[in-house]
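Asks: Following the hints, complete the assembly by docking chains B, C and D with the ligands onto the known chain A.
If you read the sequences in order, they're chains A, B, C and D. Read left to right, the first sequence gives residues 1 to 273 (this note's numbering). Read left to right, the second sequence gives residues 274 to 546 (this note's numbering). Read left to right, the third sequence gives residues 547 to 855 (this note's numbering). Read left to right, the fourth sequence gives residues 856 to 1164 (this note's numbering).
No lab work stands behind these hints: they were computed from the structure. Backbone N, C-alpha and C fix where the C-beta goes; we use that ideal spot for every residue, glycine too. Honestly, I wouldn't trust all of these hints.
Claimed, not checked - The following residues of chain A were derived to be distant from chain D, with all beta-carbon distances above 10 Å:
| id | residue |
| --- | --- |
| 1 | S96 |
| 2 | A222 |
| 3 | G233 |
Unchecked claim - Straight-line C-alpha distance at most 30 Å; calculated DSSO-like pairs for lysine-lysine:
| id | chain 1 | residue 1 | chain 2 | residue 2 |
| --- | --- | --- | --- | --- |
| 4 | B | K512 | D | K1164 |
| 5 | C | K830 | C | K855 |
| 6 | D | K1164 | B | K480 |
| 7 | C | K830 | A | K207 |
| 8 | A | K239 | D | K947 |
| 9 | C | K708 | A | K239 |
| 10 | D | K1139 | A | K83 |
| 11 | A | K250 | C | K855 |
| 12 | A | K239 | A | K250 |
| 13 | D | K1164 | A | K250 |
| 14 | D | K1164 | B | K523 |
| 15 | C | K855 | B | K299 |
| 16 | D | K1139 | A | K26 |
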Amino acid sequence: MIETIATAESNRELAPGYRLLTLDLKEDVQVRAGQFAMLKPIASLEPLLRRALAVYRVHGPRRLSFLYQVLGRGTEALARVEKGGAVEALLPLGNSWPDAIRDNQRLTVVAGGIGSASVFMVCEELARSRANAQLLFGTRSEPTAVGCGLEDFRALGLPLTLTTDDGSLGEKGFVTGPLERQLRQGGRPGLTIYACGPWVMMRQVAKIAAQFEVPCLVSLEAPMGCGFGVCVGCVVAVKTSGPPEYGSYKRVCTDGSIFPAETIRWEVNPMAH
Amino acid sequence: MIETIATAESNRELAPGYRLLTLDLKEDVQVRAGQFAMLKPIASLEPLLRRALAVYRVHGPRRLSFLYQVLGRGTEALARVEKGGAVEALLPLGNSWPDAIRDNQRLTVVAGGIGSASVFMVCEELARSRANAQLLFGTRSEPTAVGCGLEDFRALGLPLTLTTDDGSLGEKGFVTGPLERQLRQGGRPGLTIYACGPWVMMRQVAKIAAQFEVPCLVSLEAPMGCGFGVCVGCVVAVKTSGPPEYGSYKRVCTDGSIFPAETIRWEVNPMAH
Amino acid sequence: MADPTNHDPRLAVEIAGVRFNNPVIGASGTFGYGLEFADLIDLNRLGGFATKGLSARPLPGNPPPRIVETHGGMLNAIGLQNIGARAFIHEKLPLLALWDTRVIANVFGYSDDDYIEAITILNDGEGIAAYELNISCPNVKEGGIVIGNSPDAAARLTEKAKRASIRPLIVKLSPNVTDIAQLARAIVEAGADCLSLINTIVGMSIDVNTRQPRLSYGTGGLSGPAIRPIAVRMVHEVARAVDVPLIGIGGIASAPDALEFIIAGATAIQIGTANYYDPTVSMKVIDGLSAHCESHRIATIKSLIGSLK
Amino acid sequence: MADPTNHDPRLAVEIAGVRFNNPVIGASGTFGYGLEFADLIDLNRLGGFATKGLSARPLPGNPPPRIVETHGGMLNAIGLQNIGARAFIHEKLPLLALWDTRVIANVFGYSDDDYIEAITILNDGEGIAAYELNISCPNVKEGGIVIGNSPDAAARLTEKAKRASIRPLIVKLSPNVTDIAQLARAIVEAGADCLSLINTIVGMSIDVNTRQPRLSYGTGGLSGPAIRPIAVRMVHEVARAVDVPLIGIGGIASAPDALEFIIAGATAIQIGTANYYDPTVSMKVIDGLSAHCESHRIATIKSLIGSLK
Ligand SMILES: Cc1cc2nc3c(=O)[nH]c(=O)nc-3n(C[C@H](O)[C@H](O)[C@H](O)COP(=O)(O)OP(=O)(O)OC[C@H]3O[C@@H](n4cnc5c(N)ncnc54)[C@H](O)[C@@H]3O)c2cc1C
Ligand SMILES: Cc1cc2nc3c(=O)[nH]c(=O)nc-3n(C[C@H](O)[C@H](O)[C@H](O)COP(=O)(O)OP(=O)(O)OC[C@H]3O[C@@H](n4cnc5c(N)ncnc54)[C@H](O)[C@@H]3O)c2cc1C
Ligand SMILES: Cc1cc2nc3c(=O)[nH]c(=O)nc-3n(C[C@H](O)[C@H](O)[C@H](O)COP(=O)(O)O)c2cc1C
Ligand SMILES: Cc1cc2nc3c(=O)[nH]c(=O)nc-3n(C[C@H](O)[C@H](O)[C@H](O)COP(=O)(O)O)c2cc1C
Ligand code: FES
Ligand code: FES
Chain A
1 MIETIATAES NRELAPGYRL LTLDLKEDVQ VRAGQFAMLK PIASLEPLLR RALAVYRVHG
61 PRRLSFLYQV LGRGTEALAR VEKGGAVEAL LPLGNSWPDA IRDNQRLTVV AGGIGSASVF
121 MVCEELARSR ANAQLLFGTR SEPTAVGCGL EDFRALGLPL TLTTDDGSLG EKGFVTGPLE
181 RQLRQGGRPG LTIYACGPWV MMRQVAKIAA QFEVPCLVSL EAPMGCGFGV CVGCVVAVKT
241 SGPPEYGSYK RVCTDGSIFP AETIRWEVNP MAH
Chain B
274 MIETIATAES NRELAPGYRL LTLDLKEDVQ VRAGQFAMLK PIASLEPLLR RALAVYRVHG
334 PRRLSFLYQV LGRGTEALAR VEKGGAVEAL LPLGNSWPDA IRDNQRLTVV AGGIGSASVF
394 MVCEELARSR ANAQLLFGTR SEPTAVGCGL EDFRALGLPL TLTTDDGSLG EKGFVTGPLE
454 RQLRQGGRPG LTIYACGPWV MMRQVAKIAA QFEVPCLVSL EAPMGCGFGV CVGCVVAVKT
514 SGPPEYGSYK RVCTDGSIFP AETIRWEVNP MAH
Chain C
547 MADPTNHDPR LAVEIAGVRF NNPVIGASGT FGYGLEFADL IDLNRLGGFA TKGLSARPLP
607 GNPPPRIVET HGGMLNAIGL QNIGARAFIH EKLPLLALWD TRVIANVFGY SDDDYIEAIT
667 ILNDGEGIAA YELNISCPNV KEGGIVIGNS PDAAARLTEK AKRASIRPLI VKLSPNVTDI
727 AQLARAIVEA GADCLSLINT IVGMSIDVNT RQPRLSYGTG GLSGPAIRPI AVRMVHEVAR
787 AVDVPLIGIG GIASAPDALE FIIAGATAIQ IGTANYYDPT VSMKVIDGLS AHCESHRIAT
847 IKSLIGSLK
Chain D
856 MADPTNHDPR LAVEIAGVRF NNPVIGASGT FGYGLEFADL IDLNRLGGFA TKGLSARPLP
916 GNPPPRIVET HGGMLNAIGL QNIGARAFIH EKLPLLALWD TRVIANVFGY SDDDYIEAIT
976 ILNDGEGIAA YELNISCPNV KEGGIVIGNS PDAAARLTEK AKRASIRPLI VKLSPNVTDI
1036 AQLARAIVEA GADCLSLINT IVGMSIDVNT RQPRLSYGTG GLSGPAIRPI AVRMVHEVAR
1096 AVDVPLIGIG GIASAPDALE FIIAGATAIQ IGTANYYDPT VSMKVIDGLS AHCESHRIAT
1156 IKSLIGSLK
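Next comes chain A alone, as it looks inside the complex (with noise of 0.2 Å):
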């Protein structure tokens, strides 16, 4: 983990509301997938607290890029950072995705809109080792699509599904379509579902992944104070024995932001409704 000011290489819109941060950093550093970071322009100071971006892509040792969807008024200032503008930077942060490749394991990747920026770099993984795995790909509309990086995770040439909410790309409708048809139709032993997007979308992969009884790793997102451990804000209720205790909230920042999907209990997070 380090903290250090970044200068923006690129900072480019790619769809309506979808933009690609790529920062150039003073010292090198060693980001595992699924990881993130905790960003913010230098100085600013409305708003205070700094944003939780997952490492989209990892180009050298010193540079990476972010893939973000500006949401509010952290994203927004991010996305007022022109080329060789300085960002605070504290990372690389968070657990990651256990490497996937060991013993012949097959893997299918959920990704839900914006989600997708947290999956990429182990789809490179996969796509790298000929890994036996696949990539199921939802998102609003095409545009949403592209803007979610369509275009680089097409590059990698893993087998692609793709669902849109309103049918403009691929299949119409959720991305939990294919996932049960694809679980309901067999081929479940040795599988493991890697996911991330949106709350209510990853309770319902968690959902089908336990009625087929298929390991699944969910990615989960909270409002994040710090993001290295010590605001305890960023937790999510997860499966304890007994009454409330010390260890019936986890952080997203440190203990995650990656869990066993069958850890949390997704129907007292607030979030997941």
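Replies: Frame of chain A; chains B, C and D with the ligands shown alone:
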């Protein structure tokens, strides 16, 4: 007075810490010499309050420029505005320098530091009308003089006396030196003094003017909440007969910023110390 | 000019029998005597405004510096410089009569008698919709205590003021208290028709180079977006404690800000500091409230008052 | 590791017999158990830090969402999730012993007995410099009242805690009161060795689309630069009311911010929220204080304490 969103035509540094901001307006404005505007970059949330800047030059009914010193967070925010950037502007505000050329009265304009910004337009009038006038121009050093618009003032061709605190340009010392010398040498009948600069300088100018019984107008400065008379935060103590009453304080923004020097209670206004 | 304005009927609210075309009111001390805004906004579109605090006699106010900006807000210690109740009646009210907006006279005094005297003078004024009793100005302590911080003192003054007043009485609450609900109850039991809250929170800023306070008065009242969460919480607490209408105040600078207060329990809201850095903010908030009613299919904003789930 | 650090002697201060290499302390709840910062800053350079509130037994805390950002600050309702006093002694203190910085154990309970129990457990811990009694957490009301808002309840608890404690006792004041000087006097008379202030101010934020509070707990504590002027004012008021050393807290994010509190009367300061958005802020503040001593030719920062003109 109009409330508008202007576009920055340029915003360049004249000298370290001194900049010239040129704005294009959507509507015509009539600006009189000595008036000011309340400005801030659009939607900037920190700082919240706009900053008061004198209108330095009028290039046309819809193009004005402002000469400013980068002091703190407000002027720093303005300094970050790039060409084409949007600036919230309320203008023109305040009273103005009385038309100086009635009944061939003579005029000495005293500019101290960035106070020069408030007197450039009046100097323009004086030069245009070949009035019997001169300019005393004092700054900290030569670079500061350049930052305070020296070249523009030189181009007017008015009789010009320069002073710098460090002697790097013109006479070494305060601008009040030559002023006092000249008045002592006589030629006071029909003379009026217009002064703008730091409080301490204006207080000194007022003292000298009183001593030699020469009418003097000063353009004062105060931290401003609104600029249009509603917060009553920008007041200065003025002379009134008897105990403190409603009239004991006047608003720099709407009762000024230009006041007859003898009406100001220099000794009680903390800014003058 | 008579009202040529098309008001959005969904935004109309009523407080103590006074109808406001919309719930957006200019806050006292930030709206002058209203006329200062005539060139900036269409006063006919404004729900109403509260005048700068009016005292029986004109007041000089505090020496400068009176204001200093802080992070997300500002401190002020104006000291209630005002032209006095009589001058307001003769110089301002006749001009204000040209517009169709509700004029709330904000009333201030150093003692109960001062307040009563000011109200008695203002009773003769034409076109005042209501009085707002400013018992919570932190910048004019006399004898050290602020009437508005003591439920007993506040209730006593409210009772006298209510008796003296020929108009609806709004009492403006101080946020500088341990239990604002208790304060509110005491004031409502004493006869207040409406409560407005919050006034500024006492703060201080120091120039570390001169080691002097940045305000001549020493302390000042904190206002602006910085205090909004505190104000929303207090409106919510008071809404559960009393059953008179409330006017929410504190850091409002947009329609969503205003809606937070309404949902927390306010019937109307006042915009203060935001008028300084965005003189047309009140019009933007009114338009934003209409847009919210549109997008959320709300027939009347009254249905949102205290609708917190 | 033994202390390899060259400390600026001008910055050393002492509180109740405890020497701090400099007046910069990490605030409770924003500094974890200290160890989280070991990779980010040189803990040996830090004056000290206060642990997350420790209770006799571990606590789960409140359900999410627990935090929401506001203008110039944030609201939190963590609900004091913590590993408990025993785990702190066994899992954290041994590791903290590797650094030369003052460890302040922030203590919390729901009842007087809870507090005393936690202190009794912590008394066995090695390397704790002092206790900070958190009687002012707004996010864990039991039976509705916050001990820290009542001078009597606060004094009663302080007395018991002082008796139970083998270490200097710092009591952390609630800002949610009418008269913080009165509260301070009561607590000092009850035996507190030092007062720290302020804790967070109760606030609320509402999602106007769902019409629900943004925090699961409903209300939360406001912190950050937004509250600094209120905190500076309260430190100044308390400094004039009591003669024990004070630790100033509230929105500090730079050396000038810290100096405002010291000049107002604080012997040391705590940095809270700023650690989240600028993890190395404490080092920057220490360097800034040295620079200030340099440029103002100050031999010891102690000479600035309460030096307001
Ligand atoms: C570990 C992690 C990795 C992330 N990676 C990415 C990424 O790679 N790309 C990306 O675009 N986003 C990512 N996010 C989400 C991103 O952090 C939020 O979108 C961002 O914080 C929103 O801030 P804002 O100021 O723009 O919006 P805000 O003004 O804070 O909020 C705007 C709207 O978004 C909602 N919101 C705010 N914060 C969050 C949040 N954390 N999650 C969901 N909704 C929120 C608010 O309720 C509000 O409705 C990640 C989050 C986490 C925790
Ligand atoms: C009518 C009027 C016209 C003005 N015209 C110009 C102009 O043409 N060009 C120009 O450069 N400046 C002008 N000023 C001054 C300008 O408004 C201030 O320099 C500016 O507000 C400083 O804001 P800031 O945020 O940069 O500094 P702040 O962060 O607000 O303060 C930085 C430092 O400057 C001091 N300061 C803050 N405000 C003022 C003030 N109003 N006067 C003096 N010191 C202050 C503070 O005490 C602090 O020491 C004018 C002021 C007035 C009232
Ligand atoms: C400069 C200034 C002057 C004020 N004067 C008064 C006043 O005379 N009477 C009053 O009741 N409130 C006064 N207030 C308080 C405001 O009406 C309002 O209650 C407070 O500023 C909080 O709202 P805001 O955050 O929107 O500004 C004043 C506020 C400011 C900033
Ligand atoms: C997320 C969070 C958790 C906190 N937890 C505690 C706590 O456990 N005990 C305590 O005494 N204060 C706690 N505080 C209060 C801080 O210690 C500090 O008093 C307050 O935040 C004001 O300082 P700041 O503005 O610098 O943050 C917490 C503050 C925050 C923001
Ligand atoms: S974001 Fe602060 S603990 Fe996770
Ligand atoms: S700046 Fe508000 S009255 Fe002058």
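Asks: Between K830 of chain C and K207 of chain A, does the CA-CA distance stay at or below 30 Å?
Replies: It is violated: about 45 Å lies between the C-alpha atoms, which goes past 30 Å.
Asks: Given the hint that K1139 of chain D pairs with K26 of chain A, does the C-alpha gap stay at or below 30 Å?
Replies: holds, 20 Å
Asks: Just want to verify: S96 of chain A was marked as not at the interface with chain D; is every Cβ pair farther apart than 10 Å?
Replies: Answer for S96 of chain A: holds, closest chain D Cβ roughly 18 Å.
Asks: Given the hinted pair K1164 of chain D and K480 of chain B, is their alpha-carbon gap at most 30 Å?
Replies: holds, 29 Å
Asks: Do the alpha carbons of K830 of chain C and K855 of chain C lie within 30 Å of each other, as the hint requires?
Replies: holds, 27 Å
Asks: For the pair supplied as a hint, K855 of chain C and K299 of chain B, confirm whether the alpha-carbon distance does not exceed 30 Å.
Replies: violated, 45 Å
Asks: Checking a non-interface call: every C-beta of chain D should be farther than 10 Å from the C-beta of A222 of chain A. Is that right?
Replies: At about 6 Å from chain D, A222 of chain A fails to clear the 10 Å cut-off, so the statement is violated.
Asks: If you draw a straight line from the CA of K708 of chain C to the CA of K239 of chain A, is it 30 Å or shorter?
Replies: Status violated; Cα separation ~59 Å.
Asks: Taken at face value, is the distance from the CA of K250 of chain A to the CA of K239 of chain A at most 30 Å?
Replies: holds, 10 Å
Asks: Taking the minimum C-beta separation from G233 of chain A to chain D, is that value above 10 Å?
Replies: Non-interface label fails for G233 of chain A: nearest chain D Cβ at 4 Å, not farther than 10 Å.
Asks: With the threshold set at 30 Å, check whether the alpha-carbon distance from K1164 of chain D to K250 of chain A stays at or below it.
Replies: violated, 49 Å
Asks: Please verify whether K250 of chain A and K855 of chain C have alpha carbons no more than 30 Å apart.
Replies: holds, 27 Å
The structure shown violates the earlier hints numbered 2, 3, 7, 9, 13, 15.
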